[in-house]
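For the record, the sequence lines run as chains B and F.
When we follow my numbering, the leftmost residue of the first sequence carries the number 31, and every step to the right adds one.
When we follow my numbering, the leftmost residue of the second sequence carries the number 0, and every step to the right adds one.
Honestly, I wouldn't trust all of these hints.
[Stated by the list, open to error] Residues of chain B clear of chain F, computed beta-carbon distances all greater than 10 Å:
| id | residue |
| --- | --- |
| 1 | Phe134 |
| 2 | Ala144 |
| 3 | Val245 |
| 4 | Arg310 |
| 5 | Gly370 |
| 6 | Pro528 |
| 7 | Pro547 |
| 8 | Ala549 |
| 9 | Gly555 |
| 10 | Ala595 |
[Said to hold, decoys possible] Simulated restraints on C-beta separations:
| id | chain 1 | residue 1 | chain 2 | residue 2 | range |
| --- | --- | --- | --- | --- | --- |
| 11 | F | Pro92 | B | Gly548 | 18 to 24 Å |
| 12 | B | Pro468 | F | Pro95 | 34 to 40 Å |
| 13 | B | Pro468 | F | Arg81 | 45 to 51 Å |
| 14 | F | Gly69 | B | Leu317 | 56 to 62 Å |
[As the list claims (entries may be wrong)] Just so you have them, the derived chain B footprint on chain F, three or more residues with Cβ under 8 Å:
| id | segment |
| --- | --- |
| 15 | 27-35 |
| 16 | 55-61 |
| 17 | 72-80 |
| 18 | 87-95 |
| 19 | 109-117 |
Worth flagging that the hints you see were computed from the coordinates, not collected in a lab.
Where is the CB? At the ideal position from N, CA and C, for every residue including glycine.
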Amino acid sequence: MRALLLAVLWVHLASSVLLTGAFFMLLLAGPPPAPAARRWDGAIVAWSRLLVLAALGSGIVWLMVRTAVFENRPHAAVEVRAIWHAVLDTWPGLVWLARHGLLFVLGVFLTIRADVAERRNWIAARGEALLLAALALALVSGSSHAAAISPGVVSAVAIDVTHLLGTGFWLGALIPLALLLHLASRDDGADSLPYAVRAVRRFSRAALITMLILVGSGVMNAIVQVETIAGLAGTTHGRLLLAKLAVLVPILVLAAVNRTYILPALPGSSDSVRSPVMARLTTFVGLEAGLALVLLALAAAMTLTTPARHGDPVWPLPFRFSLDALLNLSVTRWRALVGGQLALVGLAALIASQLVRRRRAPLLAGSLALMAIGGGVGLPPLVVDAYPTTYRRPLVTYDAGSIAAGMTTYQEHCAPCHGATGAGNATPSGPSVDLRGPPASRRLAGELFWLVTHGIPTRGMPEFGSRLGEMQRWNVINFIRALGAADSARGIGPQVEPDRAWLVAPDFAIAVGPLAPGALRDYRGQRMVLLVLYTLPGSRARLAKLARSYNVLSIIGVEVIAVPAQASRETINELGSSPPVLFPVVTDGNADIVATYRMFAPGPHAELLIDRQGYIRAIWREDMPQAGGVQSQVEKLNEEKSWPPFPDDHVH
Amino acid sequence: MTGRASARRVGLALAASVLTASVAAGHAVLQRAEPRVESTLKRAPDEVKLYFTERLEPAYSSVRVVNDRGVQVDRRDSHVDRSNPVLLRATLPPIPAGTYKVLWRVLSIDADVTEGGFIFRVE
Chain B
31 MRALLLAVLW VHLASSVLLT GAFFMLLLAG PPPAPAARRW DGAIVAWSRL LVLAALGSGI
91 VWLMVRTAVF ENRPHAAVEV RAIWHAVLDT WPGLVWLARH GLLFVLGVFL TIRADVAERR
151 NWIAARGEAL LLAALALALV SGSSHAAAIS PGVVSAVAID VTHLLGTGFW LGALIPLALL
211 LHLASRDDGA DSLPYAVRAV RRFSRAALIT MLILVGSGVM NAIVQVETIA GLAGTTHGRL
271 LLAKLAVLVP ILVLAAVNRT YILPALPGSS DSVRSPVMAR LTTFVGLEAG LALVLLALAA
331 AMTLTTPARH GDPVWPLPFR FSLDALLNLS VTRWRALVGG QLALVGLAAL IASQLVRRRR
391 APLLAGSLAL MAIGGGVGLP PLVVDAYPTT YRRPLVTYDA GSIAAGMTTY QEHCAPCHGA
451 TGAGNATPSG PSVDLRGPPA SRRLAGELFW LVTHGIPTRG MPEFGSRLGE MQRWNVINFI
511 RALGAADSAR GIGPQVEPDR AWLVAPDFAI AVGPLAPGAL RDYRGQRMVL LVLYTLPGSR
571 ARLAKLARSY NVLSIIGVEV IAVPAQASRE TINELGSSPP VLFPVVTDGN ADIVATYRMF
631 APGPHAELLI DRQGYIRAIW REDMPQAGGV QSQVEKLNEE KSWPPFPDDH VH
Chain F
0 MTGRASARRV GLALAASVLT ASVAAGHAVL QRAEPRVEST LKRAPDEVKL YFTERLEPAY
60 SSVRVVNDRG VQVDRRDSHV DRSNPVLLRA TLPPIPAGTY KVLWRVLSID ADVTEGGFIF
120 RVE
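Could you put the whole structure together from the sequences, leaning on the hints where they help?
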């Protein structure tokens with residue numbers, strides 16, 4: 031039944047595109063001078079009336095189905111009140127109302143028998159119809175995937191509108207053009223031949239520009255909605271886009287053949303003798319139009335699928351390319367470098383072959399050979415194993431709760447082979463992999479998930495898919511990620527290195543007494559955080575000092591969050607009342623926070639400075655900060671001019 | 000006439016049910032939740048907050064919390080936050096220890112409906 035829904039959407043989209051293209055083609059061809067051309071003009075207008083009916087009818091069915099989906103009640107599809115609610119109380123409903131209002135006005139306008147004998151009246155009538163049709167088509171973007179982008183909705187919608195209008199002006203005009211060419215190829219339409227030749231030449235010029243706009247906006251749309259190669263190759267949305275491109279290629283080839291070989295062979299615009307070239311052009315344009323309808327069906331299917339950037343890709347290949355493979359061996363680095371240079375020279379030669387007129391064929395062959403050799407030399411060192419889950423998004427966020435849970439599972443199931451610290455142990459099948467550094471620490475989270483789930487039988491690693499739940503496996507992966515991060519974090523000390531933010535601070539809940547809990551990430555974009563892991567009585571003097579300087583720290587943009595190693599009902603009372611402790615002291619969930627952050631900063635007392643973006647920038651491990659030590663590091667952070675994006679909630 | 004009209008309505012409703020059966024392909028994806036997915040809490044939360052990847056339509060976006068017997072335990076006040084349209088929230092009265100399921104169903108502004116659920120435990 032999904033096919034039926036797709037059919038309704040396809041009819042609606044195709045009608046809207048064809049309406050725009052029909053009036054664009056009429057205006058491009060100009061007022062028809064000959065009887066046959068006037069018949070074509072009249073036929074296009076008559077077909078447009080039917081297209082308006084098709085667009086309105088399919089739009090209404092679409093709204094009924096959508097209402098039932100919104101309400102989660104099949105009967106809602108036939109309840110006027112429910113439909114009205116869906117139209118008036120939702121943004122997609124209001125967009126639907128505006129679009130169908132425009133289509134309705136267009137339908138009424140087309141049924142008025144206006145006198146268009148005068149040139150200016152004809153242009154005004156067709157121009158107004160084009161305006162209404164184009165507006166209705168452009169408004170499709172108002173409730174499209176592009177409209178849901180945040181931030182950047184304006185540019186995303188602008189790109190989408192450009193793409194839609196480009197589709198209307200180019201692909202939508204193909205059928206009316208094919209009809210005109212067909213008419214001019216027949217005996218009873220011979221008087222329209224000069225008109226048709228002029229029209230097709232104008233269309234060819236306009237189509238070249240429109241096609242460039244269409245491809246450009248399509249690429250930008252893909253960057254926004256698909257984002258990655260994994261999304262393109264591994265999701266339904268991405269694969270539909272690939273299918274669209276596969277259909278677009280023959281359309282472009284046909285358009286190029288028409289423009290390069292057939293158009294120059296057409297009779298002159300003053301010639302009224304029919305030519306066999308005209309029949310061939312008709313066939314080719316008709317083929318283009320047929321493929322355009324297939325393209326629109328694929329576009330309609332794409333709107334029904336989750337955009338690739340939100341999908342969970344299933345990687346189809348047993349390998350992928352990774353620059354990480356070059357980190358270890360200088361031989362492979364050189365090989366990749368030489369291969370890359372050869373491919374670049376080949377690419378330059380390929381571009382040159384398209385610009386020169388002499389010896390084009392040997393230059394082209396040489397460039398292709400260079401690119402092939404470059405690829406053959408340079409790509410193999412970049413190949414690493416890949417699995418269906420390689421690009422899968424973790425189910426759980428990278429937070430202290432997940433890391434601590436993963437630590438527990440790891441100690442029970444993984445530590446016997448990989449060691450308590452992840453450094454690796456001797457096993458019956460040889461030494462196990464050190465999880466703290468490359469290549470393990472550079473593997474994608476989805477790859478680790480596959481290896482944990484299915485094991486590595488050749489190296490004696492058992493599978494855990496049947497022993498651990500999916501959440502447990504993701505927790506272990508978050509812990510392995512934290513192991514790698516902690517190993518790298520040894521280079522981070524009490525001095526902030528300006529503009530080097532890379533160590534993500536795992537999120538955690540900040541529960542203080544009976545107050546509603548917050549989260550570390552709530553401070554992102556707002557304040558820096560000095561995270562203090564403390565143990566009494568050793569930390570008492572430092573906490574008293576922090577309590578006294580809390581006002582100053584607050585003024586320079588720092589929140590202090592204190593986490594005792596062990597929490598009890600008396601946690602806050604234990605700190606005493608003089609000086610008063612006004613910063614949050616976590617009273618719940620301490621064990622997870624302490625277990626996680628002690629991976630970065632072991633010891634009874636440690637302090638970590640987290641910047642406004644959510645990255646750990648300075649760590650005081652054993653030695654407590656000297657007077658003014660925190661302030662001076664905070665000032666360094668305040669002086670930074672460019673900030674990295676907020677870290678992703680999931681590891682990758 | 001009434002019978003025929005009624006039959007027509009039922010027919011349309013059946014057609015609609017068939018049509019809607021497979022339209023779950025959606026867009027707004029749950030980005031994070033408070034309480035966290037599959038988390039175990041020592042203290043019962045007083046609110047459930049769900050953050051999605053896209054802006055939500057308040058008219059058709061809701062969340063409910065049910066206990067292990069399937070009884071709804073939230074205050075039935077789920078709503079999209081006015082100042083943050085990607086945040087769906089519902090408040091909870093004091094709830095005893097146990098396992099709870101959070102069930103959500105949201106409409107994003109590109110007219111896609113998504114639904115899902117997860118559990119959390121209170122010790």
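In rising order, the numbers of the hints this structure does not comply with: As far as the earlier hints go, 7, 8, 12, 17, 18 are violated by this structure, in ascending order.
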